[in-house]
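Fit chains B and C to the supplied structure of chain A, relying on the hints for placement.
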Amino acid sequence: MTTAILVSILMTLVAASTPILLAALGELVAEKAGVLNLGVEGMMLCGAVAGFAVAFSSGSTTLGLLAALLAGVAAAMVFAVLALSLNANQVATGLALTIFGIGASSLIGAGFVGRTIPRLGPIFPAGLSEHPWLRAIFGHDILVYLSLALIIGVGYFLRRTRSGLILRAVGENDASAHAIGYPVIAIRYAAVAFGGALAGLGGAYFSLALTPMWAERLTAGRGWIALALVVFSAWKPGRLLVGAYLFGAVMTLELQAKAAGVNWLAPEVLAMTPYLATIAVLTMMSIGRRTGRLDAPACLGKPFSAT
Amino acid sequence: MNQPREQTVPPRLALAHISKSFPGVKANEDISLSVAPGEIHALLGENGAGKSTLVKIIYGVQQADEGTISWNGAPVAIPSPKAARKLGIGMVFQHFSLFDAMTVIENIALGLDEAVDREALKAQVAAILESYSLPLDPDREVHTLSVGERQRIEIVRCLLQKPKLLIMDEPTSVLTPQEVERLFATLRQIALGGCSILYISHKLSEIKALCDGATILRGGRVVASCDPKVETTKRMAELMIGAELRKIEHGNAAEAGVVRLSVSGLSLPGEPPFGTDLEEISFDARAGEILGIAGVAGNGQAELLTALSGERLAAKAEAISLDGKPIGLEGAGARRAAGLACVPEERNGHAAVPDFSLAENAILTARHRLPLAPLGLISRGMVQRFADDVIRRFDVRTTGNGALARSLSGGNLQKFIMGREIGQQPAVLVVSQPTWGVDAGAAAAIRQELVDLAAKGSAVVVISQDLDELLELANRLCVINEGRLSAPRPVASLGIDEIGLMMGGIHGAETAAHA
Amino acid sequence: MLEWRRRREPSTLMLWLSPLIAIALTMLLGMIVFTAMGYDGCHAVESIFLTPFLEPQRWADIGVKAAPLVMIALGLAIGFRANVWNIGAEGQYIMGAIAGTGVALLTYEMTGWWILPAMVLAGILGGMAWAAIPAFLRVKLQVSEILTSLMLTYVAVQFLYYLVRGPWKDPDGFNFPQTRMFTADQTLPIMLEGSLVHLGIPAALLLAVVAWLTMEKTIAGYAVKVVGLAPAAARHGGFSAGRTTWATLLLSGALAGLAGLFEAAGPFGQLTPQFPVGYGFTAIIVAFLGRLHPLGIVFGGIVLAGTYVGGEIAQSTVRLPQAATGLFQALLLFMLLATDVLVRWRIAFKWRAA
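Chains as they are written, first to last, in this note's numbering: chain A, 1 to 307; chain B, 1 to 515; chain C, 1 to 354.
Any given hint could turn out to be false.
Unchecked claim - Straight line, CA to CA, 20 Å or less: simulated EDC-like cross-link-like pairs of lysine to aspartate or glutamate:
| id | chain 1 | residue 1 | chain 2 | residue 2 |
| --- | --- | --- | --- | --- |
| 1 | C | Lys140 | B | Glu271 |
| 2 | B | Lys208 | B | Asp169 |
| 3 | C | Lys169 | A | Glu268 |
| 4 | C | Lys217 | B | Asp355 |
| 5 | A | Lys302 | B | Asp388 |
| 6 | A | Lys302 | B | Glu170 |
| 7 | C | Lys140 | A | Asp295 |
| 8 | A | Lys236 | B | Asp100 |
| 9 | B | Lys203 | B | Glu170 |
| 10 | A | Lys302 | B | Asp355 |
| 11 | A | Lys236 | B | Glu141 |
No lab work stands behind these hints: they were computed from the structure.
As the structure is a computational prediction, the values presented were derived from the model and not from experiment.
The following block holds chain A by itself, in its conformation from the complex (with noise of 0.2 Å):
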């Protein structure tokens, strides 16, 4: 019986960091690269909404990551367009990225409050996963081993690949990467939607896996958390794993206090748990910085012009 709850209180924590995960590593490349998008609380909810209404009218919910996957991409898009052909502030844009985010899904999802759909189950056989130890092996949607095989893949790529090396080199000096014939803009592009792609999936398991119901503003400032992580995670794929499931523990915590009626403590301070989390966690890690090298990309935020 304790093995069930164990089981199950750690199913919890795999899907509540789950979308941070996907979400803080898409940002963690971009950022890679230099840039600086504020907007993924606004392209994950681009990615719940727009794979909600995929999935609730196809009826299918990989239409549904394919379409939320997207929408995040466009996203981003138009945050490339302004902060990278139009050389306007990154945190601005990334700002009304985000108020776009959350007007647009809220205006598409009107038509949507309350409908519910198919929740995202898991890709394995049901008989893989009647064991509660199997379960948490073998238990989890597609995405949960997209996001584990991401993290290895995105190392991979930033550590070991040329391609990675380039990446990288944009973001540490803009200018010597053009200088040496690298298309800065293109790659930071190209990054950037990755960025918006990882989004959009990271909101569409709010919509998709979590709560398969539309509501507004259902990530709740979860792609801030996101932002907030790749700090904490110093820019490395491996300790941005750890930071996402330590998020996920505290989110699980707080639910399971709740479902436990702890009652000395008020629902609404359990809420702030998350929040004034992320705020210790950032201050933690600036303390610890202080004598080290910084670790950010030396370009983040920069705005490049070739000319």
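Relative to the frame of chain A, chains B and C by itself:
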């Protein structure tokens, strides 16, 4: 491979009637030149003569508006640096295109157009380093390297592609004399292998020592082609500058007066990530003298300037004294009010705000000694009057005090900044790279102002990488190396070799036998 | 061929014109988008951008909504100019209202002229205190104020919920999650009989003028600009980035707190869970629409307040969902950022032979 140059061998590179305009400027006009195989050819000219633009056209960074480029006799188009490299053109930029947080080998890999297996690349690099006897550790991160070592990365990057033409853009501006010698040896060896070298510089002695042919640019046009081994330095200088240089007039500054600025035991840790630590810096600057501080870039010059200006505070008040008063713990504003003015090397963004008008820039540092903003309220009239004064007195070419700093040429902005500080009649003026990137006329005017300021009883400290400038200006000279300052010595007693050794880190008895 | 050319100096004409171009583009784009979505796009745009300004009976409502937007945006804009990105004004707005309401609840059974000023003071301090947290973290520990100020907004919202559902719940309120109604001495005086036009409107205008003079004429305003434009030059000139960060964050917190208090002691007259309506975020758009210039912000505040009023009109005229207002506002910010490029760059037509 050292073939006799026959008429039948087509030039490695030939430019015919190249022109290139930017809004408001004709950067290159009807430029023709040719470089033979294995030739070291100088492209000689002042800052702003059009050398950089021409080189960017050859390397495919920019496109010419008119004219043709021929490669080994055949006309070619060079639409991108990649195309240039494909032809066999390699380039070492003046401002290296390196990535500080990455290793040497990663930097080299980034300079290649195709992916090469890491181990294979390491072997290739090792072979090149071996054959040119260049010391360089492939696994070090670039920010830990000296400027000379960084330049080697760029050279190795080019050599890996087995270039037929190597472009060197002002390669010696940041090197010690010893490093220059080493570079020349490498370049001669490369040329001996049949590779042509286009050597961009405005340093005549180097060109005389190294080059087989020279093309002299002025104002975007070719004014002469010559053999530098034959032509006199004086003649080349005249061609390059177009007029005879005004000689600096030293006043009767021979007897230095009282100590105005005294620095003793100033230590300050460098700022992360790549700052240099200042260690136990001590010197005096006296009324009426110009103290020169020589050194290779990145040895603590920027840190010394910010420590003196008060942008960073010393650990104890006594570390810095102005006219006998300890000011080490005072901030930038208080120090300036007391009479210590500083001009940092970086004009745009440090000494001046690019997006501010000249009048607004006047407020930045002059408000402490002049009543530009009594009680915190900006007096527009006073500010404009002061800015206009500076513009007039220092002959700043601009549309008026409302012009943005970024719209001025480097030389004009520098004149404005120097004027802003000198106009406050400081007790001590510390200035870093006063004539860096400034045309000859403006540079002479700025140097004259420094001499005049000292003659009026101020102490002037000039931090510069340009040895010629220091030897011309300074009464006494010291060298900063890895954050430490040598004892000042009268310029008259110093030979250039001695200074070179000091710059390379060999202070008196102290020996440093690092590669 | 179209070619972008960097201007030597920013274009003054475009500086004035670009917000208007952005509004025009937003209207055009909005028309297309909403027509494509099956609404009456023309009327939607008309309702949101024109009707509120053409019907004088709406003006009082615009003023009431513009006042908090302008107040918050003034503080934000000054911060943005110093490169301090306080995006948590919504939280400071809430905390200002909470602090002021705290005073109101304490003085529930008292009367006196001093009660409202005490609430105003508490509102200002509440907003400041909330902004002091990101200021401390940024100046002392180099933690980005962007993330911390935003996170604190979520915390403030939860804190508000906790108070109105718990300790501050009106004992005579039939268990609704809301505080007591404020008394006459705790409510802003109405400036115009029969409307909601309150003291906040002239206060916002006055603050805009003061902010403008401060930015233009004083060394304090100069410090803000120089710290934002060129941090190294600011340090060289003896301006402290840390002090400027503190000052701008406290100021924007104070203004947001004041706006929150005015909203609570004005139109709301109590605290409810519906209190946060997103003014703190919309004010970011106001700040940009006003080109971070205090007087421009008055204009921006009026336009954005108009979209709120117009959004309500469009709900009844063309059945546009309420969320459409938010989308219009976001589109406007996108267009502003896009047209900003015209200030620094110009488009040149270049004919080149192939």
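**Request:** Would you list, in rising numerical order, the hints stated earlier that this structure does not obey?
**Result:** When the structure is compared with the hints, numbers 5, 6 turn out to be violated.
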